[in-house]
Amino acid sequence: MISGVFCMSDQTAIKCEHVSIRYITGDFKSIGLKEYVIRRLTGNYHVKEFWADKDVTFTLNKGDMLGIIGSNGAGKSTLLKAVTGIMVPTGGKITVHGNIAALLELGSGFDGDMTVRENTYLRGALLGYTRKFLDEKYDEIIRFAELEDFQDYMFKQLSSGMKSRLAFSIACLVHPDILILDEVLSVGDGAFRKKSGAKMQEIIQGGVTAILVSHVMPQVRELCTKILWLDHGKQVCFTDDVQHTCDAYEEFLARGKKAKVPRKQEQIDALAEAYQQRLADAAAQKEKEKETGMYQTV
Amino acid sequence: MSKPAAKKQNKLVTSVRKYQFMFEELVKRDFKQRYKRSILGMAWSILSPLLTLLVMRVIFTEFLGKDIPHYTIYLFSGNIVMSYFRESTRNGMRSLTSNAKIFTKINVPKYLFLLSKNVSALVNFGLTLIVYFAFCGIDHIKFTPKMFLLVYPSVCLLVTCIGIGAILSAMYVFFEDTSYLYDVVLTLLNYMSAIFYSVDSLSKHLQTAFLFNPVYVYIKYFRVIVIDGIVPSLSYHLLCLFFPVFFLSIGMYIYRKYNTQFLYYL
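Protein sequences, first through last, are from chains A and B.
Be aware that the first sequence starts at 1194, since it is given in the working numbering, and climbs by one per residue.
Be aware that the second sequence starts at 809, since it is given in the working numbering, and climbs by one per residue.
Hints are all accurate, no fakes.
Chain A regions said to be covered by chain B (calculated; three or more residues, Cβ under 8 Å): (1) 1225 to 1232; (2) 1273 to 1280; (3) 1307 to 1314; (4) 1318 to 1332.
Note that these hints are calculated values from the structure, not bench results.
All residues carry an ideal CB built from backbone N, CA and C; glycine is no exception.
So that you can see chain A by itself, here it is in the shape it has in the complex:
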């Protein structure tokens, strides 16, 4: 399964070099063919370009867990699509070493009028599993998703939590070299979340390389060994100083829309420092409130 052994060191799993991805947003779809022809003829047709990612560079070694952070529209999902090969970068190069399992927006793409069993096989097949593998793993998948009693239900009859649980289980019971997770760790109810988190840990500790997109900062802090911060498609930083960068990012978020995107390491440092300061202030404030509260009760 592993290809491209040459020209890469054995330790490198993913290499992203100056990757840029451009979207074209002409209004094809809404105007239709007739209108398109007329606009083309009258020279009234315009295409808008939009760079979802601009000059992103990072390298992951085997066993790394990369967290990608950034607000909505930062180009995180687009970058993941390029890594999985769904999209081709407009510029730059992505080299991937090993087979990838990607968990992108899990719930979609199932067929509501087919049973859980049929959907499991279809999804498994689309993910590139063999029939033999699925035959072996089917029971395990259903058990993990806790859907033993629902195997012959129509997919549309399941609750949305059940749907995501199934999707998660199908995608996770392989042992990929590279695992890509787009906002999927918050699947299901509390108990399942615990289980899926444990499963993730198990896979990660098994030496898999993973990329995680998440807005849940404690999760990122806990799991990731490297951080890539994107803002409007541009790379703010790529570093293995996870806690420090997360501090800066949280401070950046707390400052709201007006905050300037840091461009230099010093600015990131300043943000992180301000965050620590704010934490300390908040703690002091709480202490004070506690005291006054006690005073009031007396």
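Once you have looked at the hints, place chain B on chain A.
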């Protein structure tokens, strides 16, 4: 065999096997989708052309069918080819958009969706062919080994439908109104394929113009073999071959060129 070559072949074998399973599951799904929607299921796909045939037979025999021998089979030949073409290309047109949720999330070859839609249309065509031959028997048409030649126009038609489906599916991604426009084209094609009339009374030039229509060309092949019992000329066979080559090349070119761009528009 040298080692890298063996490795390459091995890789090819695994990739074919991998896509084979994917393809089988997609075909299964398309079948279930197709037959779950109507209560009669498979029976309907046979009943529906028969009803069309009945209505046309009753209405047109007096006006147009008097001078045409075996008019029922004449009509039936036209109907099965046209309805296969219609279903296959229409389904093909939707193959990308209806699977958008899958291929924008998972990296899979997109042509598989198109091919799997064509398989279910083809099976349906096979079912109606059985009824067609039953009617041939009722209409006292002699069965000859020449009828095996019908495999040739059927395969050409299949590949033509795949090619046209590829072109349409790409267009449908880019332009929402493709389906309306194509319905108009299909209606026109229905009247231009000499399904219920004969072209004999038309001028020579007009008769030649009919040969630009693949549906007519394949209908004619069926009629010549089944009703007249004659094997068409070599040049006619070449004409039959032209359409699949032509449409499939364009379709493949479009898929290659726009393969990575489809998802911008979905």
